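Participant: Chain order of the listed sequences is P and A. According to this note's numbering, the first sequence is numbered sequentially starting from 1. According to this note's numbering, the second sequence is numbered sequentially starting from 1.
What the hints contain is simulated information worked out from the structure, not anything from laboratory work. Here the structure is a predicted model, which means the values were calculated and not measured. All C-beta atoms in this analysis are idealised placements derived from N, C-alpha and C, irrespective of residue type, glycine included. There could be a bad hint or two in this list.
Dumping the calculated DSSO-like pairs for lysine-lysine here, alpha-carbon to alpha-carbon at most 27 Å [to be verified]: (1) 89(A) with 138(P); (2) 138(A) with 92(P); (3) 138(P) with 92(A); (4) 89(P) with 138(A); (5) 138(A) with 89(A); (6) 138(A) with 125(P); (7) 138(A) with 125(A); (8) 138(P) with 138(A); (9) 92(A) with 125(P); (10) 89(P) with 138(P); (11) 125(A) with 138(P); (12) 92(P) with 92(A); (13) 125(A) with 92(A); (14) 125(P) with 92(P); (15) 89(A) with 92(P); (16) 125(P) with 125(A); (17) 89(A) with 89(P); (18) 138(P) with 92(P); (19) 138(A) with 92(A); (20) 125(P) with 89(P); (21) 125(P) with 138(P); (22) 89(A) with 125(A).
Which residues of chain A face chain P? A few of them, derived with a C-beta cut under 8 Å, are [said to hold, decoys possible]: (23) 16; (24) 114; (25) 116; (26) 118; (27) 121; (28) 214; (29) 229; (30) 233.
Single-letter residue listing:
Protein chains: 2
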Amino acid sequence: MRLTRVRVPALGEDLPDTRLVLTGPEVRHLSVMRLRPGDALLVFDGRGREARAELLALDGLRAELRLVEELPGTPETPQPVTLAVALLKGDKLADVVRAATELGAARIQLLVTQHADVRDIGANKLVRLNRIAAEASKQSRRAVTPEVLAPVPLGAFRWEGQAYVAHPYVHDLLTDHLHWDSPVTLLTGPEGGFSEAEMDGLTGRGAQGVVLGSRILRAETAPVALLGAIVATGV
Amino acid sequence: MRLTRVRVPALGEDLPDTRLVLTGPEVRHLSVMRLRPGDALLVFDGRGREARAELLALDGLRAELRLVEELPGTPETPQPVTLAVALLKGDKLADVVRAATELGAARIQLLVTQHADVRDIGANKLVRLNRIAAEASKQSRRAVTPEVLAPVPLGAFRWEGQAYVAHPYVHDLLTDHLHWDSPVTLLTGPEGGFSEAEMDGLTGRGAQGVVLGSRILRAETAPVALLGAIVATGV
């Protein structure tokens with residue numbers, strides 16, 4: 001069974017047997033996962049360090065943990081982050097692929113959507129986007145190169161775990177919901193946005209709408225803003 | 001005197017006389033600001049709503065507030081956010097200005113830095129960047145157009161309030177420090193990054209180093225990631 005993974009404040013120098021008290025959304029998450037005293041879990045500090053821990057006590061507002069041992073930190077996100085992005089005109093996809101690679105996307109899935117001016121991309125262009133991802137990995141000194149996957153219709157796209165879609169009419173924040181217990185998918189639309197039917201379809205299939213400020217973002221800005229939020233809030 | 005402003009979870013329907021309990025970093029901030037029971041403060045929910053509140057009780061770990069009345073929400077950040085960005089080659093500044101406008105920057109200050117390939121920009125280019133900001137405001141339906149200010153040497157740039165600089169050797173997160181009690185400045189470097197001497201100068205003058213993931217970001221990605229983090233975490 002995969003261990004539950006929660007974010008903790010900075011891990012100190014003396015790890016084994018250190019006790020930590022958590023409050024806030026991570027505690028709610030432990031309750032939802034039905035963890036009990038004595039259960040093992042993983043903690044990470046969003047600063048590159050990770051440790052095994054044991055749950056000592058849990059009520060609705062606070063959790064007490066004992067740190068057991070440090071694990072080798074990984075420069076990748078604790079769960080893979082997929083960017084599912086609509087086909088965009090011109091060279092905008094190249095810009096998105098470059099930034100998404102630097103910002104830690106594990107995979108970039110191209111989507112065919114209703115409002116897109118572009119319905120398909122040629123095999124050459126897909127090869128080129130994958131080459132751009134490889135170059136961006138190298139330049140950003142990243143060990144992993146995200147694969148850019150050939151476009152699929154939005155309705156046929158399936159994800160595992162959590163999915164988030166920038167939505168103009170909700171008030172939920174990405175950081176209200178995001179946790180690292182399952183893979184994460186970020187969906188962003190084409191120049192004209194997702195259609196209302198597409199948005200209904202996505203939320204009906206469990207994607208969580210999230211607000212991204214009060215302005216209309218260009219199609220190429222939204223993915224960078226969402227991935228930027230993930231790196232700047234610490235994973 | 002300007003009222004202290006803190007972030008709260010979502011504000012509900014019945015505002016007046018609702019009581020709220022806060023935990024976490026906002027409580028520390030109230031302690032640092034030396035607020036006492038009976039003091040007035042402002043709260044905002046990061047979802048566009050704002051209210052006046054009264055502090056009822058405060059200890060090291062929790063604060064209790066009473067909501068007094070809702071204030072008209074504003075689509076701008078509670079304090080102005082200045083993006084101070086190094087001169088960049090080619091059309092990269094135009095891309096940064098466009099994205100920064102959509103993501104709510106109040107002002108864009110250009111900087112001359114040690115590693116920059118570009119030492120100055122002509123008057124025409126500055127006019128063009130301001131025109132790009134005006135167009136981006138319109139397209140993103142933003143009421144405010146950020147001014148793009150002529151380059152100043154980094155050493156001569158003065159800021160008011162908080163300043164954050166992406167730093168490769170720290171483990172602090174933007175979201176560990178950012179609060180909305182004073183103006184915010186985000187500093188990002190040129191292609192080669194800030195020099196060690198420049199970084200020492202900035203942190204010596206009080207700028208807080210923050211980590212932005214474990215990869216090397218291009219000069220044009222870092223400002224979008226930082227501003228994206230601010231909109232996606234809710235202001």
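Participant: So which of the earlier hints does this model not fit?
Facilitator: Those not satisfied are hints 6, 8, 11, 16, 23, 24, 25, 26 and 27.
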